[in-house]
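Q: In the UniProt record's numbering, the protein residues as written are 1 to 149.
The hints are simulated quantities; they were obtained by calculation from the structure and are not laboratory data.
The model shown is predicted, which means the values in this text are computed figures rather than measured ones.
Heads up, the beta-carbon is just placed ideally off N, CA and C, and yes, glycines get one too.
It cannot be assumed that every hint is accurate.
[Said to hold, decoys possible] When the alpha-carbon atoms are kept at most 16 Å apart in a straight line, the in silico EDC-like pairs for lysine to aspartate or glutamate are as follows: (1) 35 to 69; (2) 55 to 94; (3) 127 to 106; (4) 28 to 94; (5) 5 to 94.
[Claimed, not checked] Quick list of the computed label-pair ranges, beta carbon to beta carbon: (6) 91 to 132: 18 to 28 Å; (7) 50 to 10: 18 to 28 Å; (8) 68 to 7: 16 to 26 Å; (9) 127 to 24: 35 to 45 Å; (10) 71 to 11: 38 to 48 Å; (11) 67 to 104: 13 to 23 Å; (12) 92 to 45: 14 to 24 Å; (13) 82 to 130: 14 to 24 Å; (14) 71 to 91: 24 to 34 Å; (15) 50 to 83: 41 to 51 Å; (16) 68 to 128: 12 to 22 Å; (17) 76 to 39: 22 to 32 Å.
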Amino acid sequence: MAFVKQPVRLVQAMYECTVQCQAEQLGKLYNVISKRRGDIYSEELSDGTALFTVKAHLPVVESFGFATDLLTQTSGAASNPQLVFSHWSIIDMDPFFQPQTEEEREDYGEWVYERNYVRRYIEVVRKRKGLSRDEKIVVHAEKQRTLKR
């Protein structure tokens, strides 16, 4: 019974990402990592060089295309990220959240799923496995389009 009453949470795999970069490109490196929901926990200047070693935790789901994105955003200054499995992390967001009160509707709106990345992860996996999804075939059914000739 306690299992049913607990809120639903998703567990995600995390990489430890190590990247070396020059000081001029640190801002762009931080931007790429934060866009992919990464958590930077260490930044050290390497002795005798002008390179910074940045360590971060990056979700495995967000790591696809990370090296290419990092290469293009930093103009090749940070081109060789090392990704090693680190740990499992619980995502503290309900994937099936629906606004119930009027205040929640004002805060989140009717379309909560657009900002709920956990729900997006579930939808991607269900699509890949060929399972049913909550996807509308017709998005704007109430709109009528008239074509003028």
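Q: Okay, which hints does this one fail, numbers in order?
A: Those not satisfied are hints 2, 3, 4, 7, 8, 10, 11, 12, 13, 15.
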